[in-house]
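Participant: Sequence:
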Amino acid sequence: MLVIKILSGLPNNVFISQHDFEQSQQQSKALVDLAQESILLYPYQNVPAHWRQLIMDASILQAICMIGIFHHSNNSDNDTKQQVARDTINILDTAMIISGAPGPQRRETIHFIIDQLQTYLSSVYTPHWLDKDASIRLPPPHTTQITHPVKRLDQIPSFLSFVQLLQNDQPFIIPQGAIEHWPARNKWSSLAYFVSVAGDRVVPVELGSKYTDNTWQQKMMRIEEFLYTHVVLKNTDQQQKQETAYLAQHDLFYQIPKLADDISIPDYCYCEPQLSERYTEAPVDVIQNAWFGPQGTVSPLHHDPYHNVLAQVVGSKYIRLYAPSETHRLYPYDGIMSNTSQVDVEHSKFENFPLLKEAKFVECILQAAKMVALRSIT
Numbered sequence: 001m002l003v004i005k006i007l008s009g010l011p012n013n014v015f016i017s018q019h020d021f022e023q024s025q026q027q028s029k030a031l032v033d034l035a036q037e038s039i040l041l042y043p044y045q046n047v048p049a050h051w052r053q054l055i056m057d058a059s060i061l062q063a064i065c066m067i068g069i070f071h072h073s074n075n076s077d078n079d080t081k082q083q084v085a086r087d088t089i090n091i092l093d094t095a096m097i098i099s100g101a102p103g104p105q106r107r108e109t110i111h112f113i114i115d116q117l118q119t120y121l122s123s124v125y126t127p128h129w130l131d132k133d134a135s136i137r138l139p140p141p142h143t144t145q146i147t148h149p150v151k152r153l154d155q156i157p158s159f160l161s162f163v164q165l166l167q168n169d170q171p172f173i174i175p176q177g178a179i180e181h182w183p184a185r186n187k188w189s190s191l192a193y194f195v196s197v198a199g200d201r202v203v204p205v206e207l208g209s210k211y212t213d214n215t216w217q218q219k220m221m222r223i224e225e226f227l228y229t230h231v232v233l234k235n236t237d238q239q240q241k242q243e244t245a246y247l248a249q250h251d252l253f254y255q256i257p258k259l260a261d262d263i264s265i266p267d268y269c270y271c272e273p274q275l276s277e278r279y280t281e282a283p284v285d286v287i288q289n290a291w292f293g294p295q296g297t298v299s300p301l302h303h304d305p306y307h308n309v310l311a312q313v314v315g316s317k318y319i320r321l322y323a324p325s326e327t328h329r330l331y332p333y334d335g336i337m338s339n340t341s342q343v344d345v346e347h348s349k350f351e352n353f354p355l356l357k358e359a360k361f362v363e364c365i366l367q368a369a370k371m372v373a374l375r376s377i378t
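Under the numbering used here, the letters of the sequence shown match residues 1 to 378, in that order.
Careful, some of the hints might be misleading.
[Claimed, not checked] In silico DSS-like links for lysine-lysine, alpha-carbon gap of 25 angstroms or less:
| no. | residue 1 | residue 2 |
| --- | --- | --- |
| 1 | LYS234 | LYS210 |
| 2 | LYS360 | LYS81 |
| 3 | LYS151 | LYS187 |
| 4 | LYS219 | LYS360 |
| 5 | LYS219 | LYS29 |
| 6 | LYS210 | LYS81 |
| 7 | LYS187 | LYS317 |
| 8 | LYS317 | LYS360 |
| 9 | LYS219 | LYS151 |
| 10 | LYS151 | LYS317 |
| 11 | LYS258 | LYS210 |
| 12 | LYS187 | LYS81 |
| 13 | LYS29 | LYS210 |
| 14 | LYS81 | LYS317 |
The hints are simulated quantities; they were obtained by calculation from the structure and are not laboratory data.
The structure presented is a predicted model; accordingly, all values stated were derived computationally and were not measured.
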């Protein structure tokens, strides 16, 4: 029934044989390989639209052919069926992440196919490690002593009050309550929920303590593998052999709309702060990114081109913030990483970065259900 539903869009009077599917699958894979090789010739932001369109369309065709081949094979082996479903999701997720799913109805087509496959997999497979009541093990509360606290508001600000506060250079914490209505506040502490909704989805995971390390790399990984290897086993002996992994700064909600249904964009994100010499252009739409990782993940000291509202859904995070006026004391890299500091604020020695000692900062431990508002470097 699953295969029939996915292939139901084909004209009723068209018969496609197994040989036709196999031949089309080989040809579409060749086109995917060609597009991938061509895309690698360009910086990501300069990839011509036709290569992005090709990898998207060829991947959709390849996925449909894989399902058609399996349908014709009359193979009833459950393990094989599950592997075909996972391979198909992998192809489509990879294409969507690389291309952004350009073209009319492409994203909707991908979501339709993947939703059918993920629903099927969730109904027939439960990971050996998963207890239906299992929740994410939160680490002990932060013991970091806060000496230069970020301003904390006493109450949730109105939209106009938020706009006025954002005109100042000082960040501020919005108290608990502004996102308490999000379904994510209850759902996202459940490992079983993530596995059922998106366990077989493939996402880009950062491997390494932080992106400034020489050994840092990215790897495409199934969410279930990420959860088990890098979250569930985090505090076990086995985990000591694993690199730190972080699902960081990824538009997870564009890729997986079911997770987007668990949040709502705060009204604050629709304000339009005054432009300035450095903040010369506001984004066309609200930019949404997600960070998901175990204890010990680190985002290096950096600045963003846009204003930010950072919401903590589950767990907590230590945050240190420096004003733009302190930039010269933070030793930014040259070149394409000029928005990132060479300083490791937790471990750097002042003799290597003497001006760091003079840099003024504020800090906080952002707790679940709270938000911190940050201005861009202006």
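Participant: Run the distance test for LYS258 versus LYS210: straight-line Cα separation, threshold 25 angstroms.
Facilitator: violated (29 angstroms)
Participant: Check whether the Cα positions of LYS219 and LYS29 lie no farther apart than 25 angstroms.
Facilitator: holds (21 angstroms)
Participant: For the pair supplied as a hint, LYS187 and LYS317, is the alpha-carbon distance within the 25 angstroms limit?
Facilitator: holds (19 angstroms)
Participant: Has the given pair, LYS29 with LYS210, been kept, meaning a C-alpha gap of at most 25 angstroms?
Facilitator: Answer violated: LYS29 to LYS210 is near 34 angstroms, above 25 angstroms.
Participant: Would you mind confirming whether the straight-line C-alpha gap from LYS187 to LYS81 stays at or under 25 angstroms?
Facilitator: Distance of about 29 angstroms is beyond 25 angstroms: violated.
Participant: Going straight from one Cα to the other, do LYS81 and LYS317 come out at no more than 25 angstroms?
Facilitator: violated (41 angstroms)
Participant: Is the Cα-Cα distance between LYS210 and LYS81 25 angstroms or less?
Facilitator: At roughly 38 angstroms apart (the allowed maximum being 25 angstroms), LYS81 and LYS210 break the hint.
Participant: With a cut-off of 25 angstroms on the C-alpha distance, tell me whether LYS151 and LYS187 pass.
Facilitator: violated (29 angstroms)
Participant: Is the straight-line distance between the alpha-carbon of LYS219 and that of LYS360 25 angstroms or less?
Facilitator: violated (36 angstroms)
Participant: Check whether the Cα positions of LYS317 and LYS360 lie no farther apart than 25 angstroms.
Facilitator: holds (20 angstroms)
Participant: Compare the distance between the alpha carbons of LYS234 and LYS210 with 25 angstroms, and conclude whether the hinted pair is satisfied.
Facilitator: Distance of about 17 angstroms is within 25 angstroms: holds.
Participant: Does the structure keep LYS151 and LYS317 at a Cα separation of 25 angstroms or less?
Facilitator: holds (16 angstroms)
The structure fails to meet hints 2, 3, 4, 6, 9, 11, 12, 13 and 14 from the earlier list, while all remaining hints are met.
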